[in-house]
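Please work from the sequences and hints to get the whole structure.
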Amino acid sequence: MIWLETIANGILLGGLYALIGLGLGFAFGVMRVVNVAQGDFIVAAAFIGLYLYPWTPLHPILVIVPVALIAFGIGILLQRVLINRVLGHDQIPQILLTFGLAIVLRNGMVSWFGANSQSINVGNMRFWGFDFLGMRLGVLPVLVLVIAIMLFAALRFWLNTSRMGRIIRATADDHQVVQLLGVNYRNVYAIAMGIALALSAVAGVLLAMRGSFTPYSGADRLLIAFEVVVIGGLGSFWGMFIGGIVLGVTQLVALKLDPAGGLMYGHIVFFIILILSPKGLSSILTIKAFRK
Amino acid sequence: MSLLKVDELDVFYGDFHAVRGVSLKVDEAQTVAIIGANGAGKSTLLQAITGLNMQKRGAVTFDGKDIGRMRADLIARNGVTMVPEGRRLFGSLSVEDNLLVGGSSGRKGPWTLEAVYRLFPRLGELRKMQSSTLSGGQQQMVALGRALMTNPRLLLCDEISLGLAPKIIGDIYRCFDAIRESGVSIVIIEQNVAQACNASQHVYCLLEGRISLEGDPRKLAMDDITAAYFGTEQHA
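So the protein lines, in turn, are chains A and B. For the first sequence, this note's numbering assigns the number 1 to the initial residue and increments by one for each residue that follows. For the second sequence, this note's numbering assigns the number 1 to the initial residue and increments by one for each residue that follows.
A few of these clues could be false.
What the hints assert, rightly or not - Here are the simulated lysine to any residue pairs, SDA-like style, with alpha carbons at most 25 Å apart:
hint, chain 1, residue 1, chain 2, residue 2
1, B, K128, A, R156
2, A, K279, B, S132
3, B, K128, B, G106
4, B, K128, A, N160
5, B, K108, A, G261
6, B, K128, A, G29
7, B, K108, A, R163
8, B, K65, A, N184
9, B, K128, A, Q176
10, B, K108, A, H175
11, B, K128, A, R186
12, B, K128, A, L159
13, B, K108, A, N184
14, B, K5, A, Q176
15, B, K65, A, R186
16, B, K108, A, N116
17, B, K128, A, A154
18, B, K108, A, N187
19, B, K128, A, H175
20, B, K128, A, G165
21, A, K279, B, G91
22, B, K65, A, Q176
23, B, K128, A, A153
24, A, K279, B, S92
25, B, K128, A, W238
26, B, K108, A, R156
27, B, K108, A, Q176
28, B, K108, A, S162
29, B, K128, A, S162
30, A, K279, B, Q130
31, A, K279, B, G106
Quick caveat, the hints were computed from the structure, so don't treat them as lab data. Computed from a prediction, not measured in an experiment: that's the story for all the values here.
This is the structure we're talking about:
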């Protein structure tokens with residue numbers, strides 16, 4: 001039973017990891033931009049949440065709404081002012097730019113907020129739990145997973161059905177041809193980056209509610225995001241979700257077996273999947289589907 | 001007044017000086033063909049007119065407006081669009097979504113989803129299909145329909161018969177009459193000289209980036225066209 005509970009908790013954590021990867025994967029899928037500063041934006045969002053949640057009405061967890069809106073604005077600004085200037089066939093300038101941005105952000109946060117460990121206090125909710133099939137599960141982790149699933153589903157639905165979603169998908173396929181149809185792809189990119197950062201911001205705030213963070217947490221977050229995206233398969237939507245779950249379950253099961261080195265096993269699983277199936281889990285699933 | 005006027009246009013493709021001092025014009029509701037061998041600069045010329053290639057100097061005037069330095073999406077919103085070489089559909093989108101992206105330019109006019117499906121009834125049957133799964137001819141119809149959905153005044157077609165069966169090419173070229181009747185001027189790029197001469201009222205021949213011959217295709221001698229196309233001496 002204790003193992004079942006560990007796996008269940010791994011799935012709950014994995015949903016959050018999937019959300020951390022979603023922002024990075026979405027930005028890459030649409031723009032082929034690898035935003036190395038994603039992890040530090042996640043931490044910055046947590047700090048914004050830390051300062052906003054005392055003013056949030058109803059319940060502290062609703063602070064994800066204003067933080068997401070702020071991150072959306074920052075994303076648009078970031079793309080318009082900086083990243084749109086270095087777009088081109090060569091991806092090195094984008095990586096250098098966002099890498100530099102990550103360093104500036106991290107050190108800015110250290111000097112403004114100090115290097116102490118922080119957490120967003122959601123009050124008693126942190127300790128609430130309920131019994132499910134003989135397992136004891138926390139309310140907050142379940143809520144976080146539900147939010148993650150809803151965001152994945154909402155984004156997929158919006159991309160598939162809305163006019164802007166259609167333009168984003170078309171721009172991701174061929175950003176030159178959309179111009180022939182009157183679409184300014186730079187505007188589309190700005191909106192896509194806004195969405196990517198908003199998703200990451202929600203993940204950052206939820207992570208700060210479940211655990212703690214420091215200005216240096218960005219590198220860990222970025223690593224998780226990369227692993228989720230690569231395990232899932234680049235550009236595969238629900239593949240990313242499965243990637244997050246795989247990572248979450250591995251980590252918690254390994255922590256139980258080996259409390260000292262548990263975190264490492266997640267990276268080992270990532271490494272094994274990368275070697276066995278460089279295109280991610282979704283490519284294995286697709287091959288199976290074709291064989292049917 | 002001409003709808004499109006290109007004056008002394010030089011275009012670079014990377015470091016390569018692909019188009020050298022080209023001048024041409026297209027009148028309202030006219031079909032103009034640009035012919036020439038591989039690498040003559042035809043595609044580069046169209047890329048420059050649509051604004052996809054910005055390494056250019058010279059004047060491009062559309063409907064009295066200077067579009068020489070205009071951004072590609074704004075040129076499209078002014079009524080110039082292109083069916084790109086190799087079709088370049090949005091492969092992950094359905095047929096209908098491809099057409100609807102064309103309709104997002106916001107220009108009003110006769111071309112709607114219904115009108116495109118009337119022109120190509122087959123596309124109506126395939127509307128829910130992912131566009132990358134279609135045959136070459138069907139894809140070319142989607143590419144043409146997508147461009148029409150912007151309600152252009154000038155439609156540039158880059159090698160639309162490339163790699164298609166003769167019957168399909170015939171089907172597509174027959175649709176040009178309906179397109180022209182809706183008031184659209186057409187520029188076609190072709191390697192198939194006979195096809196180009198049949199479909200157009202005026203033909204320009206490009207040779208190594210320069211115009212080597214132009215005129216009414218019914219009045220030009222085939223020998224002159226061949227000479228201009230290959231750059232061989234006319235009076236040997």
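Verification of the hints:
1. B:K128 <-> A:R156: holds (18 Å)
2. A:K279 <-> B:S132: holds (21 Å)
3. B:K128 <-> B:G106: holds (23 Å)
4. B:K128 <-> A:N160: With Cα atoms ~13 Å apart, K128 of chain B and N160 of chain A stay inside 25 Å; holds.
5. B:K108 <-> A:G261: violated (64 Å)
6. B:K128 <-> A:G29: Roughly 23 Å separates the two Cα atoms, so the pair holds.
7. B:K108 <-> A:R163: holds (17 Å)
8. B:K65 <-> A:N184: holds (20 Å)
9. B:K128 <-> A:Q176: Roughly 24 Å between the alpha carbons, so the hint for K128 of chain B and Q176 of chain A holds.
10. B:K108 <-> A:H175: With a Cα-Cα distance of about 23 Å, the restraint between K108 of chain B and H175 of chain A holds, given a limit of 25 Å.
11. B:K128 <-> A:R186: violated (29 Å)
12. B:K128 <-> A:L159: Holds, at roughly 16 Å.
13. B:K108 <-> A:N184: holds (19 Å)
14. B:K5 <-> A:Q176: holds (24 Å)
15. B:K65 <-> A:R186: The hint holds at about 24 Å.
16. B:K108 <-> A:N116: violated (59 Å)
17. B:K128 <-> A:A154: Given that 25 Å is the threshold and the Cα spacing comes to 22 Å, the pair holds.
18. B:K108 <-> A:N187: holds (22 Å)
19. B:K128 <-> A:H175: Satisfied, since the Cα-Cα distance of roughly 23 Å is no more than 25 Å.
20. B:K128 <-> A:G165: OK: K128 of chain B and G165 of chain A at ~17 Å, within 25 Å.
21. A:K279 <-> B:G91: holds (20 Å)
22. B:K65 <-> A:Q176: Measuring from Cα to Cα gives roughly 23 Å; hence the hint holds.
23. B:K128 <-> A:A153: Since the Cα atoms of K128 of chain B and A153 of chain A sit roughly 21 Å apart, the hinted pair holds (cutoff 25 Å).
24. A:K279 <-> B:S92: holds (18 Å)
25. B:K128 <-> A:W238: holds (22 Å)
26. B:K108 <-> A:R156: Violated - the C-alpha atoms of R156 of chain A and K108 of chain B are around 30 Å apart, more than 25 Å.
27. B:K108 <-> A:Q176: holds (23 Å)
28. B:K108 <-> A:S162: Distance of about 21 Å is within 25 Å: holds.
29. B:K128 <-> A:S162: Answer holds: K128 of chain B to S162 of chain A is near 16 Å, not above 25 Å.
30. A:K279 <-> B:Q130: OK: K279 of chain A and Q130 of chain B at ~22 Å, within 25 Å.
31. A:K279 <-> B:G106: Since the Cα atoms of K279 of chain A and G106 of chain B sit roughly 39 Å apart, the hinted pair is violated (cutoff 25 Å).
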